[in-house]
Amino acid sequence: MKPVFVVDPSRCIACMACVAACSIENGVPFTLSDSNPVGWPLTLGLRTWVMWIEKEKPTPSRFFMPFLCLHCQDTPCEKVCPTGATFKTEEGVVLIDKSKCIGCGYCIIACPYGSRYKVKRGSIEKARREANLEEASKKLREAGLEDYIMKPPVANKYATVEQAVDKCTLCYHRKESGSWIPACVEVCPTKSRMFGDLDNPNDPVAKLVREGKAKQLRPDLKTEGLVYYVIP
Amino acid sequence: MENLVLNDVWGLEIAVEMTFLAVASFSIALAYLSFLEGRKRDALIGGALATVLPILSLIILNLHLLKPEASYLVFTSFQPRSWMPYGATGMTLLIITSAIFTALVKLNKKGVATHATGILASLAGVFVALYTGLLIAYERGIPFWHCSVIPLIALAMGAVGGLSVYSIIRPQDIRITLSLGVALLLLALTYVIHIHISLQGSLASNYSAQVILGSIAFQTGIIATIIGGLLSIATLKIRSKYLPIVIAILGLISILTLRYALLTSGAWELPIL
Chain A
346 MKPVFVVDPS RCIACMACVA ACSIENGVPF TLSDSNPVGW PLTLGLRTWV
396 MWIEKEKPTP SRFFMPFLCL HCQDTPCEKV CPTGATFKTE EGVVLIDKSK
446 CIGCGYCIIA CPYGSRYKVK RGSIEKARRE ANLEEASKKL REAGLEDYIM
496 KPPVANKYAT VEQAVDKCTL CYHRKESGSW IPACVEVCPT KSRMFGDLDN
546 PNDPVAKLVR EGKAKQLRPD LKTEGLVYYV IP
Chain B
473 MENLVLNDVW GLEIAVEMTF LAVASFSIAL AYLSFLEGRK RDALIGGALA
523 TVLPILSLII LNLHLLKPEA SYLVFTSFQP RSWMPYGATG MTLLIITSAI
573 FTALVKLNKK GVATHATGIL ASLAGVFVAL YTGLLIAYER GIPFWHCSVI
623 PLIALAMGAV GGLSVYSIIR PQDIRITLSL GVALLLLALT YVIHIHISLQ
673 GSLASNYSAQ VILGSIAFQT GIIATIIGGL LSIATLKIRS KYLPIVIAIL
723 GLISILTLRY ALLTSGAWEL PIL
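Going down the list, the sequences are from chains A and B.
Heads up: the first sequence runs through residues 346 to 577, numbered per the numbering used here.
Heads up: the second sequence runs through residues 473 to 745, numbered per the numbering used here.
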């Protein structure tokens, strides 16, 4: 399988369900982030985000741009990693072996797309504390709404941990468990985020790439990522 | 432009770490030259600095890591495509060879072993100076750094660092003061060339160049570099014990501030539709 991720910004309504799904799936506390309408994972401390882009000309307009790691095949972050913590799977997904990551930040510097960020010691604990999760859980339990209590992240070796660099994994752990659809794609209500297989000739997502409707960002950098955008 | 984002991953601590390496790098080369000239005290000071400063650099580097306890992985998982393992190896080699060289000089040994460790340590020193430039010039993320002039700037900074130390140790030696002046002017020249190239480059490198031109660190550094260079020429006419020391202090200030300015002005041009 050759995974391909296509983003159609014209369909995005910035509901942020993707961000929430990613946070829950991978254990990235939302309050860890530096929330801002404009930003990349690097600037926000999240694996995925939706940017609000506003333009004054020719007419005032606003559109939304979902963003995540582009999973470059000519991979700048992998090349500079001094310990081999960053690696590519056979499908081309760029992952981080958290046990090998020493947090030097060289990969963050090398990434031209701002897809990586550091998770410092104590930051997850602090973020969870600030979110008052325990108090919220207690109140939900008291109200008989146990189903709405925030669940712990899906256990996987690529989940967010402290003292390591973090980034999108395309929910690679789901592939290992059988069905592989990233959490953000699964919850996207407008199909702005799509996931497919380039090796499958009948895959509608791959078709968008083959027909040239979906293109790569910054092709001048020749990093050849797995993520494409339907650019109007 | 909201998609131009300045680097805040590597800042002052990395600038200090790299400055220590710059000072150590050419100090050992000058220590070996001092040894060849029979100046034991000067050789010992340079050798000791080339041992202690890279150790301090490694400590700073480790404190900067998210997981310092796993830093040994840089050696055990040696990744040949990354500059960092080569740098760590160079620094380690510099520490070991400088320590041995200093010990041999202290023991008045003048044989092959002293020469061999002196030459090896000098080579490691020059490599370490160059490495601080290669490290940031190699990666593509920040276009302002992805430039072949950067390693030359790093080399010039190494020369300024080492010569500044020896200008303080031996202020009466006009050769050192003049060499320091040449190194300072070379540093100013390469830096200005780099900014000139960057101003004509991509959006991000142009932005970085404009940021650096407005930064106090750059202005302080470049003024110190030029004044130091010009003062060194003045030493041909004015003989003063203090002037070489002043030039050396200006040299040390310039390499720290210019390095800091270089790191903090690096910007990504993050993609936006």
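Derived from the structure by calculation, the hints contain no laboratory data.
Nothing here was measured: the structure is a model prediction, and the numbers come from that model.
Check the hints yourself; a few may be wrong.
As the list claims (entries may be wrong) - What follows is a set of in silico ranges between Cβ atoms, one per label pair, in the way DEER data are often shown:
1) A:A481 x B:F550: 44 to 54 Å
2) B:R553 x A:S522: 26 to 36 Å
3) B:I532 x A:E475: 36 to 46 Å
4) A:E475 x B:E541: 49 to 59 Å
5) B:I531 x A:D565: 35 to 45 Å
6) B:Q644 x A:K471: 50 to 60 Å
7) B:K582 x A:Q418: 48 to 58 Å
8) B:I744 x A:R486: 42 to 52 Å
9) B:R553 x A:M495: 35 to 45 Å
Stated by the list, open to error - Some chain B residues well away from chain A (every beta-carbon gap over 10 Å; in silico):
10) N479
11) V481
12) L505
13) L508
14) E509
15) K539
16) A542
17) Q551
18) R553
19) L579
20) I608
21) V621
A virtual CB, placed ideally from N, CA and C, is assigned to each residue, including glycine.
Structure-based check of all given hints:
At roughly 47 Å, the beta carbons of A481 (chain A) and F550 (chain B) sit within the given window of 44 to 54 Å. Remark: the range hint 26 to 36 Å for R553 (chain B) to S522 (chain A) is upheld by a beta-carbon distance near 32 Å. With their beta carbons about 30 Å apart, I532 (chain B) and E475 (chain A) fall outside the hinted range of 36 to 46 Å. Look at E475 (chain A) against E541 (chain B): about 27 Å separates their beta carbons, and that is not inside 49 to 59 Å.
Our hint of 35 to 45 Å for I531 (chain B) and D565 (chain A) holds, since their Cβ atoms are close to 40 Å apart. The supplied range of 50 to 60 Å is met by Q644 (chain B) and K471 (chain A), whose beta-carbon atoms lie about 57 Å from each other. Distance hint for K582 (chain B) and Q418 (chain A): a CB-CB separation of about 57 Å, consistent with the stated range 48 to 58 Å. For the hinted restraint 42 to 52 Å between I744 (chain B) and R486 (chain A), the CB-CB distance of approximately 43 Å keeps it satisfied.
R553 (chain B) and M495 (chain A) have their C-beta atoms about 41 Å apart, which keeps the hinted 35 to 45 Å range intact. Here N479 (chain B) does not stay apart from chain A, with its beta-carbon only about 7 Å from theirs, under the 10 Å limit. The Cβ of V481 (chain B) sits about 4 Å from the closest Cβ of chain A, inside the 10 Å cut-off, so the non-interface label is violated. Non-interface call for L505 (chain B) relative to chain A: holds, since the shortest CB-CB distance, roughly 33 Å, exceeds 10 Å.
Every CB of chain A lies more than 10 Å from the CB of L508 (chain B), the least distance being 36 Å, so the non-interface label holds. No Cβ of chain A comes within 10 Å of the Cβ of E509 (chain B); the nearest lies about 39 Å off, and the non-interface call holds. Interface exclusion of K539 (chain B) from chain A breaks down, the closest Cβ pair being 5 Å apart, not more than 10 Å. Interface exclusion of A542 (chain B) from chain A breaks down, the closest Cβ pair being 5 Å apart, not more than 10 Å.
Here Q551 (chain B) does not stay apart from chain A, with its beta-carbon only about 5 Å from theirs, under the 10 Å limit. At roughly 5 Å, the least C-beta separation between R553 (chain B) and chain A is not larger than 10 Å, which violates its mark as non-interface. Interface exclusion of L579 (chain B) from chain A stands, the closest Cβ pair being 36 Å apart, more than 10 Å. Remark: the non-interface label on I608 (chain B) conflicts with the geometry, its nearest Cβ contact in chain A lying 7 Å away (cut-off 10 Å).
Interface exclusion of V621 (chain B) from chain A stands, the closest Cβ pair being 18 Å apart, more than 10 Å.
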